[in-house]
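Chains as they are written, first to last, in the numbering used here: chain A, 1 to 168; chain S, 1 to 410.
Among these hints, one or two may not hold up.
Footprint (simulated), chain S over chain A, 3 or more residues, beta carbon under 8 Å [to be verified]:
no.: 1; stretch: 17-28
no.: 2; stretch: 57-63
no.: 3; stretch: 75-89
no.: 4; stretch: 123-132
no.: 5; stretch: 135-142
Calculated from the structure, these hints are not laboratory results. Each residue gets a CB set at the ideal place from its N, CA and C atoms; glycine is no exception.
The residues making up each chain are set out below.
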Amino acid sequence: MIKFKKNNYLYKIYTWLPIIILYLSVLNEFDFNYLNIEYFSFNFPLILIFYFSLKAYLNFDYLLVFFAGLINDTVIGLPLGLSSLSYMIVCIFASYLRNITIRPNLIKDWFYFLFVISLINSINYSVLFIFFSYDLDIMFYIVNNLFTFLLYIPLNFIFKNYYKAVDD
Amino acid sequence: MASSRDDFIIAIRSAFLKKSTKQKFSLLTLVSISIFIIILSSLDFKAVKYLKIGINEIVYRSTFFVSVPENFIKNSYIRIYQYSNFYKDYENKVSELEKFKAENISSEIIKSENKELKELIEDFTLTQNKILAKVIVDHKSPFLKTIIINKGSADNIKIGTNVYDKSYLVGRVIEVNYKSSRVLLLSDLNSNVPISIIPGDIQAIIIGNGDNSGKIKYTKDNLYETIENQSIAYTSGTGSIFKSGIPVGKIKILNQDVYINFYSDFTQLKYVFAEVEPEIKKSPFEDPETEITDQSEKVSLNNTEKIKINLLNEEIEILNDSNSKLIEENKTLNSKTNKLNQQILDLENKVRTQAKKIDQNNIDQKELEFLKLNLIYSSKCQKTVFKKGFKVGTQEYKDCIYRKGKQLND
Numbered sequence: 001m002i003k004f005k006k007n008n009y010l011y012k013i014y015t016w017l018p019i020i021i022l023y024l025s026v027l028n029e030f031d032f033n034y035l036n037i038e039y040f041s042f043n044f045p046l047i048l049i050f051y052f053s054l055k056a057y058l059n060f061d062y063l064l065v066f067f068a069g070l071i072n073d074t075v076i077g078l079p080l081g082l083s084s085l086s087y088m089i090v091c092i093f094a095s096y097l098r099n100i101t102i103r104p105n106l107i108k109d110w111f112y113f114l115f116v117i118s119l120i121n122s123i124n125y126s127v128l129f130i131f132f133s134y135d136l137d138i139m140f141y142i143v144n145n146l147f148t149f150l151l152y153i154p155l156n157f158i159f160k161n162y163y164k165a166v167d168d
Numbered sequence: 001m002a003s004s005r006d007d008f009i010i011a012i013r014s015a016f017l018k019k020s021t022k023q024k025f026s027l028l029t030l031v032s033i034s035i036f037i038i039i040l041s042s043l044d045f046k047a048v049k050y051l052k053i054g055i056n057e058i059v060y061r062s063t064f065f066v067s068v069p070e071n072f073i074k075n076s077y078i079r080i081y082q083y084s085n086f087y088k089d090y091e092n093k094v095s096e097l098e099k100f101k102a103e104n105i106s107s108e109i110i111k112s113e114n115k116e117l118k119e120l121i122e123d124f125t126l127t128q129n130k131i132l133a134k135v136i137v138d139h140k141s142p143f144l145k146t147i148i149i150n151k152g153s154a155d156n157i158k159i160g161t162n163v164y165d166k167s168y169l170v171g172r173v174i175e176v177n178y179k180s181s182r183v184l185l186l187s188d189l190n191s192n193v194p195i196s197i198i199p200g201d202i203q204a205i206i207i208g209n210g211d212n213s214g215k216i217k218y219t220k221d222n223l224y225e226t227i228e229n230q231s232i233a234y235t236s237g238t239g240s241i242f243k244s245g246i247p248v249g250k251i252k253i254l255n256q257d258v259y260i261n262f263y264s265d266f267t268q269l270k271y272v273f274a275e276v277e278p279e280i281k282k283s284p285f286e287d288p289e290t291e292i293t294d295q296s297e298k299v300s301l302n303n304t305e306k307i308k309i310n311l312l313n314e315e316i317e318i319l320n321d322s323n324s325k326l327i328e329e330n331k332t333l334n335s336k337t338n339k340l341n342q343q344i345l346d347l348e349n350k351v352r353t354q355a356k357k358i359d360q361n362n363i364d365q366k367e368l369e370f371l372k373l374n375l376i377y378s379s380k381c382q383k384t385v386f387k388k389g390f391k392v393g394t395q396e397y398k399d400c401i402y403r404k405g406k407q408l409n410d
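Chain S extracted, bound-state conformation (with noise of 0.2 Å):
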């Protein structure tokens, strides 16, 4: 009993504490360490935070090389299969883009009043202060849905900075390091987004489900019943994480329990853009210095600004060419609307000529009975000296005339 004891004491003690011919350290040392990041990490201090920071850049900046050659294979494959379904994509872009490019005018205008409305009730306005950022790494844990992009506090992000895919909400920064940073997807178990939903203005709280899909919660029971299936779901910008009124997905009910799609496709995001916060800058008079520093800031427009300039060249070099095909459509139109009034009048002035000639066909008409008339009754009408009538060409004696006429017609 007692020599089983002193074996396992002996392997234990071996297994801790023994190094082989090539390990510099035990277990035990090592383990030692471990526990002791963890808690260190646990409690948040300033050395640890800082070593934390560099290991990122240097894991997070590798992992992006060491994942070249398989996103390469990935990006391949994705290429392959858009070529061979390149036309059949072309069509439905093309049909798409009509409909866009419709929709796009009157997003304009609902955008310039929403931003009016909002402005009114002095909510949270819509901003261009995004920037753009490269997805370099997408981790994809079950349990912590993640992303890390290649701008951090040099960027000026924060943590709690909103991060957009297009103009969707993607979700926020929880780890900030110098030149790159961690983002929350709304898609993690973690996260909460206060929401709006419409039809309806049910205010509710969605919780990532670990897929790429999100849950309903606390929202009053009895509302429950009263969302619709594919209603639209905003943020609705309560508790102040998230901005208010940008799209977060569409409701999808299962099974009685209330689903959410998000617009965004998290395992698809190549780019992204931050929302961050405006530097204030001083007037010239209370610093001199400024004035330099913002020639500096002028004369260094990173890459990224100008990927996101040339966005917007682009965006608006698309609403130039709908525009001016809305002039020239507007112009054709214009034209046939002329061909078409000078057709009315030359119709019109048909319409007068034939009237008239009517007019003049009645009047003929009407002599001619008279005068058929006057040829059998002129005897009866006719004033003689030995007779009682009227006298020729006066309008009683046309009466006469008609009367006789019609009493024999009669």
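With the rest of the complex left out, here is chain A (with noise of 0.2 Å):
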């Protein structure tokens, strides 16, 4: 296990270091949602905003998240507003059920985020399709959503030991 002096400057990179990697995946050519391999993407982003927003991590500022999906949309084409509405809406059921979970139970967690993934993804697909009358591939978003869903466990794990190792 990686061990930091606390005050180390390292320590305090390492600290922010998943709106580091938020803000990295949402302004790099590269991403996730878009890896061009047909019927497998997912949306990166989702699933680290839920996870840490779910363990109310210290450092995960909703304003810093905010602006994450302005750029995101800005990166993408997408209207003003979209993602970041899509990352507050995570923000908001991720905090609904810190607050109504006494005991954490990772299956009950897992299929609590397919409903908002679900939920998400129905939103952008309405407001894209109706509002700003995008010509939009719904395999795509069924595809997404399937994957994003499946890939929450494997890097629940992985962001559970980073968590450890600041928490630590």
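Using the supplied hints, reconstruct the complex from the two chains, each of which is provided in its own coordinate frame.
Structure, rendered in structure tokens:
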């Protein structure tokens, strides 16, 4: 396990890692959402935001998540504010789950996450289709939804280890 | 029952309104701001438009810098792959180059003919007002096939500006910022391009299918059968969205569906050309300041134009090279022709001499035969005191000798 001295700069960067990764994933040309592989894509930011909102991570500022959404919209070319709304909805649902949960259970979180991402993708699809007249491929959303759901568990394992390292 | 409802309300309220230790805004505020921004952007407010342009400028540049490591890895991989296939590629390129050199000359002729014909029908003519633009972001979204280029309204780019990869159509500009713009690729689901298909001159519309190809739609049902595989599609210019006669791709028929494989590979775009409208310059008499502006414009020839000029110079060099080679070939062929002509003349002389010799020989043969016959029959044909005959040396005498000889042979 990695151990840091808590006043170390490296430790400070390490504690900000989720936000840094979030910004890198929205700013980078490479996106797990659009891997150019047929029938495989997943929304990495949604998993990251859901996990760290659920854990009420110290440096996970909602305002920064909101800005990450704006950047994502700009880079991808979606109407400004749509990704921010999606990210904020994820934060709300994660926050609600955190408030009502006494004993956390991974499987329950997992299926709750499926519900959240399905809702977000439905909102995205509806807003783009109805208000902005985008011609969209619904199959992409279904595949994306499925793989985002499936990859929650392995990514959860990675984030858990990170969280543990920071907490220690 | 009531307590569970209370719990639910408390949890909801807490989720929406409660700010944690480090949170500056509640989630409800941020959701409201998001919805507010979406509504404003859908209503197309001027203020939001400028805000968006500002964000775009910053984000596009940041994306470019953030993507540097990724692009470095990607480019390194491509370079290694290219080095491993270097010799094979070189051989192919050499043979291709030879082919293209030959094709280039004929295509130049066709181009000028095409230009003339286009001018005749008052259609769009081929233009040289293309500026080179670098692709700074290529986000490979499956439903939004767009790229971002480093040229914007400052470079005279407008919404609808046609964008090319070499001379092939790539897409059109849908969003313009000051120093960057977004280009909607032909492969996007929202892209519609009116095309003509040859042979047959069939009019159709292609729609991107989200992958790197398009699908033919909106042509007459009975014309579907007439479309041939590997036919060529180019823009028809209908609707004035795209200029006419720009090559788009090749037709591919698959399970009765007609697809189009674009000439350009949209995943490999690094530089593109944007076709800007030329600025109409006023005459110096109309505006005295124009001359000064012209001079400053001339001085501020930016790097892009220099690159373009370099590219054109290279093209000219290649053409000059091929031209000088053709001239050399021509010279060699001329000298060969001269040599062959000389040979022909020599041979003709030889033939003439031999013909003369044969004639002489024939005459000699005839003479010899006459002399032989003369020895035998001279007594029969010669005129004497006692016998009626012919005088020696006359034609009658000769005829008599031949006649006697012939009679004997018979």
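Which earlier hints can't be squared with this structure?
none
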